[in-house]
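In order, the protein sequence lines correspond to chains A and C. Residues in the first sequence are numbered consecutively from 2, following the numbering used here. Residues in the second sequence are numbered consecutively from 36, following the numbering used here.
Bear in mind the hints are in silico, worked out from the structure with no lab data behind them. None of the values given here were measured: they were computed from a predicted structure. All C-beta atoms in this analysis are idealised placements derived from N, C-alpha and C, irrespective of residue type, glycine included. Incorrect hints may appear among the rest.
[Claimed, not checked] Label-pair ranges, simulated between beta-carbon atoms:
(1) H247(A) - L51(C): 39 to 49 Å
(2) K165(C) - V299(A): 54 to 64 Å
(3) D136(A) - L51(C): 49 to 59 Å
[Claimed, not checked] Straight-line alpha carbon distances no greater than 30 Å define the calculated BS3-like cross-link-like pairs of lysine-lysine that follow:
(4) K282(A) - K42(C)
(5) K282(A) - K304(A)
(6) K106(C) - K117(C)
(7) K40(C) - K117(C)
(8) K269(A) - K40(C)
(9) K269(A) - K304(A)
(10) K202(A) - K70(A)
(11) K59(C) - K282(A)
(12) K42(C) - K59(C)
(13) K282(A) - K117(C)
(14) K42(C) - K106(C)
(15) K165(C) - K304(A)
(16) K212(A) - K202(A)
(17) K40(C) - K165(C)
(18) K59(C) - K269(A)
(19) K165(C) - K42(C)
(20) K59(C) - K40(C)
(21) K282(A) - K269(A)
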Amino acid sequence: MNSVGDGLERELKRLDRRALGRALSRIANASVAEALAGMQGTSRGAYRIGITGPPGAGKSTLIGRFARKRLDGGAQVAVVAIDPSSPLTHGAILGDRIRMDHIADDPRLFIRSLASRSASDGLADNIADVLATLDGYPFDEVILETVGVGQAEHAVRSLVDTLVLVLIPESGDQIQAMKAGMLEMADIYVINKADLPGADKIAREIRAVLKLRQHLDASWVPPVIMTTAADNDGLAALNEAVSQHHAFLRNNRNADEVQRRRLEYHLKSLVMRSVAEILAKESNSATEPLHVAYARVVAGLGKE
Amino acid sequence: MSNLKGKRIMIAKPGLDGHDIGAKIIALALRDAGAEVIYTGLRKTPGFIARVAVDEDVDAVGLSLLSGSHKELVAETMRELKALNASDIPVFVGGTIPAEDRAMLMDAGVVGIFTAEMRLDDVVSELARKLSPEQAA
């Protein structure tokens with residue numbers, strides 16, 4: 002470990018986890034107005050790894066093992082795991098950490114579970130602010146787990162540095178649907194539960210899709226990695242691929258463009274929540290013409 | 036209905052109990068009342084439970100206890116919370132708690148004791164009352 006890492010480790014030992022936990026609650030519960038008022042400038046940002054994929058792909062379990070690997074490599078790691086909220090009751094079971102804890106029960110690891118609340122893009126309300134808050138603490142890496150996604154929830158792309166898409170052999174049909182969505186977005190592909198039948202076939206299909214994509218950006222060829230719960234080689238390959246992509250980004254990335262995309266996501270998510278807040282206050286009449294209702298909501302936005 | 040909306044509640048099982056059906060039923064009832072429930076699984080130590088409660092900044096910790104060692108496990112969990120500067124996080128208890136131990140647990144500082152014969156609706160509304168006294172109807 003280098004001396005910077007040593008310094009951070011000492012800092013983290015002093016880290017007041019009670020204060021951090023509370024700071025994250027404050028920002029997660031902030032209204033749009035409060036989020037805007039509390040916005041900090043960008044500080045030294047942690048390297049962000051997004052893990053996404055369909056429900057049941059084994060994301061949480063994989064993250065537990067992966068986080069352990071990163072910790073053992075000397076990185077200070079935080080995990081943010083998002084589970085869906087019920088649109089009816091707003092309740093949620095935040096069950097990701099139960100799958101992580103029995104693997105990664107390690108006091109060095111900071112895990113925070115979030116409910117998606119009103120967000121429907123695979124993330125959670127105020128997630129941009131939550132990540133910005135973590136940037137103010139001495140974490141080297143933040144692993145972000147999205148809710149289980151389908152083909153369209155690729156907002157996470159804007160917020161992370163390295164995006165890992167986790168699929169399983171049963172995802173075969175989803176590959177067809179994902180060709181124009183998630184499948185174009187990831188930097189690293191994982192076929193998890195690769196001991197199940199069909200793993201080779203799905204890996205072939207993904208490689209075929211990626212080949213079509215290569216003319217767009219030939220500088221990074223996304224690896225397709227097979228993992229199983231029992232096998233450590235796959236996990237080591239994933240760990241290595243993430244580190245390689247991190248190194249690749251250091252040399253091949255336009256920081257302004259990254260910043261612009263993050264700001265755009267942040268802006269969009271705040272506007273969407275403002276719209277949701279206005280709609281929640283409205284009692285729409287069934288007979289009102291659509292264009293009138295639309296104009297009223299847009300006018301309401303102007304007053305926020 | 037949704038009187039626990041926005042509350043983050045941890046349901047934890049310290050000690051050596053072998054099953055967690057009761058804990059899961061409570062977790063689902065709290066979810067259906069609007070809470071965001073963090074469930075941590077079987078056989079966790081008080082130190083682990085306190086650490087998760089702090090990292091997750093929960094509004095309350097519920098300990099599900101069937102093993103008979105509730106006195107020790109409740110006291111130890113509260114000690115661990117205190118050590119992490121989190122003794123303000125309310126602790127409630129559920130499971131198999133003999134009537135003669137109730138007073139002792141309440142004296143130790145738990146905010147509620149919910150046993151299997153209680154209706155889920157009553158558990159939810161009493162918990163909501165404890166966590167948000169101002170909005171109690």
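Here's how the hints hold up against the structure:
{"no.": "1", "hint": "H247(A) - L51(C): 39 to 49 Å", "in the structure": "holds, 42 Å"}
{"no.": "2", "hint": "K165(C) - V299(A): 54 to 64 Å", "in the structure": "violated, 43 Å"}
{"no.": "3", "hint": "D136(A) - L51(C): 49 to 59 Å", "in the structure": "violated, 41 Å"}
{"no.": "4", "hint": "K282(A) - K42(C)", "in the structure": "holds, 22 Å"}
{"no.": "5", "hint": "K282(A) - K304(A)", "in the structure": "holds, 14 Å"}
{"no.": "6", "hint": "K106(C) - K117(C)", "in the structure": "holds, 17 Å"}
{"no.": "7", "hint": "K40(C) - K117(C)", "in the structure": "holds, 27 Å"}
{"no.": "8", "hint": "K269(A) - K40(C)", "in the structure": "holds, 25 Å"}
{"no.": "9", "hint": "K269(A) - K304(A)", "in the structure": "holds, 17 Å"}
{"no.": "10", "hint": "K202(A) - K70(A)", "in the structure": "holds, 28 Å"}
{"no.": "11", "hint": "K59(C) - K282(A)", "in the structure": "violated, 34 Å"}
{"no.": "12", "hint": "K42(C) - K59(C)", "in the structure": "holds, 17 Å"}
{"no.": "13", "hint": "K282(A) - K117(C)", "in the structure": "violated, 41 Å"}
{"no.": "14", "hint": "K42(C) - K106(C)", "in the structure": "holds, 27 Å"}
{"no.": "15", "hint": "K165(C) - K304(A)", "in the structure": "violated, 37 Å"}
{"no.": "16", "hint": "K212(A) - K202(A)", "in the structure": "holds, 15 Å"}
{"no.": "17", "hint": "K40(C) - K165(C)", "in the structure": "holds, 14 Å"}
{"no.": "18", "hint": "K59(C) - K269(A)", "in the structure": "violated, 37 Å"}
{"no.": "19", "hint": "K165(C) - K42(C)", "in the structure": "holds, 12 Å"}
{"no.": "20", "hint": "K59(C) - K40(C)", "in the structure": "holds, 19 Å"}
{"no.": "21", "hint": "K282(A) - K269(A)", "in the structure": "holds, 20 Å"}
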